[in-house]
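With the hints as extra help, turn the sequences into a complete structure.
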Amino acid sequence: MNDADTRLVSVLDSIPYARFLGIKAELAGDEMTAVLPFAQHIVGNPMLPAIHGGVLGAFMEMTALAQLSVAAPMKRQPRTIDVSIEYLRSGRPQTTYARASIKKLGRRIANVHVEAWQETRSAPIATLRGLFLVAPSED
Amino acid sequence: MSDHEQTKLIATAMNEGSPQAKALGFTTLEIGDAVALLKVPYRPEIIGDPETGVIAGGVVTTLLDHASGQAVHAAMETWTSIATLDLRIDYMRAAEPGLDVMARAHCYKLTRSVAFVRAVAYDRDPEDPIATGQATFMLDSSAGKKAGANLKPSRQQRSKTGGVDQ
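Protein sequence lines correspond, in order, to chains A and B.
Quick note, the first sequence lines up with residues 1 to 139 if you use the UniProt record's numbering.
Quick note, the second sequence lines up with residues 1 to 166 if you use the UniProt record's numbering.
Think of the hints as simulated: they come from the structure by calculation, not from any bench.
The reader is advised that the hints may include incorrect statements.
[To be verified] Distance windows between CB atoms, simulated:
no., chain 1, residue 1, chain 2, residue 2, range
1, A, Gly106, B, Glu30, 37 to 45 Å
2, B, Pro153, A, Ile102, 30 to 38 Å
3, B, Glu5, A, Ile102, 43 to 51 Å
4, B, Ala143, A, Glu26, 15 to 23 Å
5, B, Glu77, A, Asp3, 56 to 64 Å
6, A, Glu86, B, Ala143, 16 to 24 Å
Here a beta-carbon is modelled for each residue, glycine too, at the ideal position from N, C-alpha and C.
Structure follows, in structure tokens:
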């Protein structure tokens with residue numbers, strides 16, 4: 001495992017809420033895909049059934065945090081300043097994937113965009129745009 | 001049954017019937033007149049930063065979304081299905097480790113198709129918020145959709161297999 005792999009595994013393993021939701025991640029080079037396997041306890045609307053919108057928001061926020069940990073070693077976990085979430089399609093009872101793109105990683109602020117999808121990447125079910133307060137390591 | 005009693009039943013159904021709300025232990029403390037006050041109890045499983053023991057931002061997201069949805073139901077005269085269109089959350093400060101988190105949501109405008117909601121999450125004092133949220137909801141979101149609609153293959157899947165979208 002290289003450094004980025006190690007950081008990714010340790011960040012997801014260390015966050016209790018990421019474990020509670022069952023979030024995993026796969027890294028290919030510097031490209032990370034976060035995976036949210038379907039489970040009954042992440043359902044919000046039992047009638048359709050559909051994944052809870054809050055869970056999708058949380059999943060995309062975690063994806064952004066994980067991507068930041070891959071991009072650079074941090075002195076501490078980035079703090080979320082704000083997120084703006086758009087819900088495009090209802091989350092079906094199947095595996096959800098997400099990828100984050102860091103638009104800018106500054107000395108204090110990071111701007112990150114995330115997209116979540118299920119069977120078709122070109123048909124995202126939700127997107128998130130977030131601002132994070134970061135503390136990259138000096139070395 | 002009064003409107004208030006009916007709204008309370010909807011709130012209970014949304015907390016008990018929604019597996020994620022139940023898994024997080026959401027309860028509704030107050031509901032009525034377009035306002036809902038919900039609580040999530042503090043517990044180790046929902047921590048976001050293990051170094052500080054602070055509750056995960058994502059849990060606050062889910063609580064604000066859920067509370068906002070209940071505020072919409074508290075504003076409507078008759079029940080319809082609703083779906084979150086968008087949600088913006090500002091995180092002002094870390095929640096205090098060990099404390100339950102509350103969310104008060106107010107549906108301040110209801111149109112024929114869309115509801116507008118503002119919400120505040122706090123632990124000790126509503127005037128010292130952890131986070132604020134602003135959300136819009138689509139009303140009658142599952143119009144025509146039957147129970148179990150999401151169990152059928154999606155449009156994209158059907159087009160891949162040459163099926164017809166009916």
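For each hint, the structure was consulted:
Here the CB-CB span from Gly106(A) to Glu30(B) is close to 42 Å, well matched to the stated 37 to 45 Å. About 34 Å separates the C-beta atoms of Pro153(B) and Ile102(A), a value consistent with the hinted range of 30 to 38 Å. Look at Glu5(B) against Ile102(A): about 50 Å separates their beta carbons, and that is inside 43 to 51 Å. Checked against the hint of 15 to 23 Å, the pair Ala143(B) and Glu26(A) fails, with Cβ atoms roughly 38 Å apart.
Separation of Glu77(B) from Asp3(A) is about 58 Å and conforms to the stated range, judged on CB atoms against 56 to 64 Å. A beta carbon spacing of about 20 Å between Glu86(A) and Ala143(B) agrees with the range 16 to 24 Å that was offered as a hint.
Checked against the numbered hints above, the structure breaks only hint 4 and satisfies the rest.
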